[in-house]
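Visitor: So the chains spell out like this:
There are 2 protein chains.
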Amino acid sequence: MPTLSVFMDVPLAHKLEGSLLKTYKQDDYPNKIFLAYRVCMTNEGHPWVSLVVQKTRLQISQDPSLNYEYLPTMGLKSFIQASLALLFGKHSQAIVENRVGGVHTVGDSGAFQLGIQFLRAWHKDARIVYIISSQKELHGLVFQDMGFTVYEYSVWDPKKLCMDPDILLNVVEIPHGCVLVMGNIIDCKLTPSGWAKLMSMIKSKQIFPFFDIPCQGLYTSDLEEDTRILQYFVSQGFEFFCSQSLSKNFGIYDEGVGILVVVAVNNQQLLCVLSQLEGLAQALWLNPPNTGARIITSILCNPALLGEWKQSLKEVVENIMLTKEKVKEKLRLLGTPGSWGHITEQSGTHGYLGLNSQQVEYLVRKKHIYIPKNGQINFSCINANNINYITEGINEAVLLTESSEMCLPKEKKTLIGIKL
Amino acid sequence: MPTLSVFMDVPLAHKLEGSLLKTYKQDDYPNKIFLAYRVCMTNEGHPWVSLVVQKTRLQISQDPSLNYEYLPTMGLKSFIQASLALLFGKHSQAIVENRVGGVHTVGDSGAFQLGIQFLRAWHKDARIVYIISSQKELHGLVFQDMGFTVYEYSVWDPKKLCMDPDILLNVVEIPHGCVLVMGNIIDCKLTPSGWAKLMSMIKSKQIFPFFDIPCQGLYTSDLEEDTRILQYFVSQGFEFFCSQSLSKNFGIYDEGVGILVVVAVNNQQLLCVLSQLEGLAQALWLNPPNTGARIITSILCNPALLGEWKQSLKEVVENIMLTKEKVKEKLRLLGTPGSWGHITEQSGTHGYLGLNSQQVEYLVRKKHIYIPKNGQINFSCINANNINYITEGINEAVLLTESSEMCLPKEKKTLIGIKL
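One line per chain: the protein sequences are U and C, in this order. Final position of the first sequence in our numbering is 420; the numbers increase by one with none missing. Final position of the second sequence in our numbering is 420; the numbers increase by one with none missing.
Any given hint might turn out to be false.
Note that the list lumps identical chains together, so a pair holds whenever it fits in one copy or between two copies.
Said to hold, decoys possible - Here are the simulated lysine to any residue pairs, SDA-like style, with alpha carbons at most 25 Å apart:
id	residue 1	residue 2
1	Lys124	Asp145
2	Lys367	Asp145
3	Lys124	Met199
4	Lys373	Asn267
Hints are computed from structural coordinates only; laboratory data are not their basis. None of these values were measured; they are calculated from a predicted model.
I would like the entire structure built from these sequences, with the hints used as guidance.
Guide: The structure is reproduced here in structure tokens:
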């Protein structure tokens, strides 16, 4: 028996910050609440699944004509086509011109991994990345591991308690040739001149946009509205990458249903990029998983099922909005100091509570309500069973910490250019 | 509209050699036959799926209690446990000692990607890899891309028409500290002293073994027998990696059901290695796909279903053996020159026909029977519909090319140390 291990120099890895969930799980307090789940939750506290997904899953498993062969490296063709049509609209000029394509990836993390590998190999001038702070932990670290210098930015103004279009416009004051990772900026409410300024700065500085669309339809329930930003960029002839995930808006979390979307100036360039991506995906996983993609394709390609899915999105979004209204109303009735209108002014499952770091700490430590440091929570985690406890907790946190600090987190002096 | 593309310097990628299938698909000849599918085929020419898989898939899709949340980065725990018990045996000393673990990966390509990334980061002395030639194209290139120098080897002796244990023993005459990728060497029929020599050379040279077990149960239908090599290495206290794929032996090809197995000298070292692998998997895909793993776990953990699965493996292996017998018998009846006993002496779906490169070329060009250059075919692609055409083709190829070359491929002068 050898006594020296080949692995003797391998240390235990430091865990990522994502240990809020771990701390929550280890907490014995009976009324503990976790408000930072990545996925949309039902009123009963389970991960939401569109009903039509369950039905389609059953239909598929009963279909003897299906085969379960390896997918090609690029993935399920019909899935990519249907998803791109969903993202850009069926009559998108870029689709008609054959300059939009995609690689079916293992979820959005796979899409980022693939896109970042490509940028490292083929876009060598870009070595600086600006990433929206909510994506810092997941995707920012992958950029960093591959040698990029990563800065995070946030368009949330904790003083004014809103998404500030001016902050977004300041973000593009970043150096020439960077990669700019953008999430949904629907709540920024840019004016037409704001849009024009944003576009022209990105263009003149040759900034490469890398969009992140993790849950189309779960912001406003209007599928087109939720990807309006992409239409703007396509119409202006931009080339870009986009990570499109279909996990959260269908409720297929465990199947890696992502696409790395590529928009190029013409079909020839597109084919070159896709061919290089194919080589990278071949080494990464060779064949992406099929089940989730197969379910989604069946739904997107069948008008009746598509209608059911859209209806389910609508119900979810209405439910989240109702929850937000209730939170606001309860805080009003409790007489909690401050204005809480920003809660209902934000779209989507995740939004800022507008608490400062002391208040967040108070909720975590004293009330066992687990909230990330930046105060951005998943509103679908709030339901009839816990809303009173949560709003009373917020009220207590605000009353007991209010005097010591106004709503600006202490440690954040500037909003852009914070290096990871 | 910008006229210069960001991607203007990106060329079209060169395709990998795997274009035999492409040539086959483009061939208009009505009787064309492809004998190089990666998966086990049924007599009807479809990818084989164990019947119990279909049944279990249906059961799972009808179970309302299941949730479809993201899996943890390390994957489905019960899947890993059940698969490791399958690989090493339930009462394996290494499992009892808690020094065996695994990461659920996106298929075997994902397992190799993860393992190679780890070796690059943490086993820096090993920069040379010897890989069995059948895995060269898939996994050898990934090693190469990550900076390893890759040599291929084969244990098949095309002169003697058998797996030669001496070649295997020569393979370990490789430099100190290499990585040695080994497939199933069951057909090598090593003697006890051969085993002892192999082990002692690998140990004294500090060679790191990386096993590839792509289809346990599809060699001999005896699950234990098929991984005997692992038991030898475990019993001798070796540390190693193993890519375990459960795609082919269950017939779940499209779901990425792989595991990177780690065997360490003790639990402490194991946990360090797994923690580093978790960090790497987080960046690669964050959450592995669930469906395939869930189906397999249900089968492995239910004695009745397990029995059905084992029975289905038995039928497949018997069927392949029968096909091999028929091929041999038909060649005998045709009076084809040469001895064809090697066909039935090899285990598993894939085996060498024992043809030289001229004969292979003849079959591809003249008969439209698509065979890889090394003459290794998938015997499950031969069925009642095509066996006569194939054996008559082989007969013709041997008769018309026999005189010009004996059974040694021209271009292969040495069997080991061929650099990629």
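Visitor: Each of the hints needs a verdict: does it hold here or not?
Guide: Verification of the supplied hints:
Taking the shortest Cα distances, Lys124 and Asp145 sit within 25 Å of each other both inside one copy (15 Å) and across copies (18 Å). For the homomeric pair Lys367 and Asp145, neither the shortest alpha-carbon distance inside one copy (36 Å) nor that between copies (51 Å) is at most 25 Å. Only within a single protomer do Lys124 and Met199 lie at most 25 Å apart by alpha-carbon distance; the minimum there is 23 Å, versus 46 Å between protomers. In this homomeric assembly, Lys373 and Asn267 never come within 25 Å of each other (Cα to Cα): the closest approach is 44 Å inside a single copy and 35 Å across copies.
Of the hints listed earlier, those the structure fails to meet are numbers 2, 4, in rising order.
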